[in-house]
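I would like the entire structure built from these sequences, with the hints used as guidance.
Chains as they are written, first to last, in numbering that gives the first Met the number 0: chain H, 0 to 264; chain E, 0 to 223.
Calculated from the structure, these hints are not laboratory results.
Treat the hints loosely; a few may be bogus.
Said to hold, decoys possible - Keeping only pairs whose Cα atoms sit at most 30 angstroms apart, straight-line, the calculated DSSO-like set for lysine-lysine is:
| hint | chain 1 | residue 1 | chain 2 | residue 2 |
| --- | --- | --- | --- | --- |
| 1 | E | Lys34 | H | Lys125 |
| 2 | H | Lys125 | E | Lys12 |
| 3 | H | Lys125 | E | Lys21 |
| 4 | E | Lys162 | H | Lys91 |
| 5 | H | Lys91 | E | Lys125 |
| 6 | E | Lys125 | H | Lys256 |
| 7 | H | Lys228 | E | Lys184 |
These figures come from a predicted structure and were not determined experimentally.
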Amino acid sequence: MAQRTSKASGRKELEELIQTCNSIESRQFNPFLLDVSEALRIIRRHSESWQTLQDNLLDMRAITSLARVVGLQSANLRFQSSSLFVDPGMVKQKIGSMSREQLAELFLLSWHPVVELEQLTDASTKEALDYWQQMLSFFERRKRLAAGPFETPGSMDSPELARMRVLEEKAFTKRLEEMRMEMKEKAGEERRIEYWSFVRTSNFPQTVLRAQMVSFLISYGMAALDRKKEKMFLIPRDPPFASRQGSPLSYPIPITKEVVLSRAK
Amino acid sequence: MKQEQSYYPERVKRAAHLLFFKRGRVPGARSWELKTGLGKEYLKVLTQLDESLKDLDLEVKKVESQVLSDYKPGLDGEEESRYFVRLKGTLTPREARMTGWRIDNLAALAACLSLIVSKQGKSERKELEEAIGQKVGRWRALTLTDAFLRSGYIEEDEEGLVKLGWRTRAELDLESLMMLIAESKPKGVIDQESEGVTEASRPEDVAGEVEAAELGEDQASTDA
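Shown next, in the form of structure tokens:
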């Protein structure tokens with residue numbers, strides 16, 4: 000009875016050891032967290048009591064896992080002594096504190112892109128031709144998919160396509176112009192209107208759509224965005240519009256449901 | 000010697016063809032391909048080609064199968080190395096646009112690679128996406144990680160860990176990148192040091208940066 004209990008606890012210990020080794024291998028823990036001599040002592044302590052194939056396989060798995068961790072420890076030491084060693088925490092901190100431009104500049108100083116030319120070759124053309132010739136017809140391939148009877152193509156009119164959102168009801172430029180006129184009207188004599196009061200509606204998707212249209216108006220120079228402290232104002236412009244009047248800057252404005260609701264209040 | 004001079008130019012041309020023209024998914028040529036195409040002395044031919052390419056700011060680069068392998072020994076030796084032609088010098092930010100990568104993407108790639116290197120060549124994908132996400136937003140981080148995987152800068156192994164890909168080994172001077180990142184200072188510190196003026200950065204810029212960084216899940220955004 001005592002021997003059986005000892006075997007069960009031995010198996011448990013080995014399974015735990017294997018699990019720890021696997022976690023180390025998948026980079027969840029530092030390889031030096033495992034005390035190798037203690038692990039070996041556990042393996043040795045139980046090695047004589049294993050009799051079945053299963054138990055011996057478990058023992059073997061434990062030894063192999065431990066060997067891999069020792070390998071990782073060795074690699075870790077080699078890496079730490081190499082010039083590539085930098086503490087991951089420090090790297091994260093550095094990356095976080097640098098601007099995107101700074102990071103890109105550092106990258107460019109170490110980047111030597113590969114030069115490659117893509118072209119059609121005799122071999123690739125022949126391969127393509129063979130593929131085309133061996134390919135079954137559309138109807139043959141369709142049979143394999145068991146897609147059921149083939150429906151003959153029908154027709155749809157524009158309102159139906161617009162309802163399915165395949166086709167726009169109005170031309171994009173026309174919608175932009177309407178949006179500009181609406182902005183101009185709402186701006187009135189002040190000639191400017193607060194961004195959120197213009198963009199916001201009670202409907203969230205509609206708000207996002209209006210914000211998108213406003214971003215196009217600003218990019219095309221049909222309106223300007225003026226930022227004063229925490230507030231943003233839209234200023235409608237009159238034609239003629241020149242592309243150079245458009246904003247060269249990209250300014251992200253987050254639109255969350257909470258923001259829309261809080262501003263609606 | 001005379002025989003060598005008449006013998007090399009033809010082979011140098013052939014070597015250039017083998018290295019420049021992409022035949023498979025990965026550009027360049029493997030050592031056994033070069034050996035078959037150029038003969039046993041292919042290394043001498045490549046040295047000659049390298050000399051000729053110097054004037055064009057290009058060079059022949061040899062990449063071993065696994066430069067940053069950990070405990071796995073790998074199959075070292077000539078059979079496993081691959082040769083590429085790459086830029087010898089570096090690109091300016093303006094020139095870099097011609098490569099098709101946006102500055103934001105290059106910044107994300109720098110962050111991604113430096114993190115992997117600091118973790119000894121392997122890192123969890125989620126951790127990388129979080130680090131990139133802080134710079135470019137969560138959704139963009141997901142698509143960029145996929146783009147880096149597709150282009151060969153990183154590879155995902157069977158355990159789901161991300162490691163450096165063949166393109167990184169071919170194109171990046173990782174030692175220099177890690178050194179530059181370790182020595183770098185935040186933009187504000189550089190400005191203060193260079194100007195000698197302790198002027199705080201404009202609150203609008205900081206707010207813009209913070210807002211850009213905070214774009215995350217369940218958020219729509221619009222570039223105005």
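Results for each hint:
At most 30 angstroms may separate the alpha-carbon atoms for a hinted pair to count; E:Lys34 and H:Lys125 meet this at roughly 26 angstroms. Straight-line distance between C-alpha atoms of H:Lys125 and E:Lys12 comes to about 25 angstroms, which keeps the hinted pair within the 30 angstroms bound. The straight-line distance between the Cα atoms of H:Lys125 and E:Lys21 is roughly 17 angstroms, inside the 30 angstroms bound, and the hint therefore holds. For the hint linking E:Lys162 to H:Lys91, the alpha-carbon distance of about 17 angstroms falls within 30 angstroms, and the restraint holds.
The suggested pairing of H:Lys91 with E:Lys125 holds, with an alpha-carbon distance near 14 angstroms, which does not exceed 30 angstroms. Proximity of E:Lys125 to H:Lys256 is assessed by CA-CA distance (about 26 angstroms); at most 30 angstroms being required, the pair is judged to hold. A C-alpha spacing of about 28 angstroms is found between H:Lys228 and E:Lys184, which places the hinted pair at or below 30 angstroms, so the restraint holds.
Of the numbered hints listed earlier, not one is contradicted by the structure.
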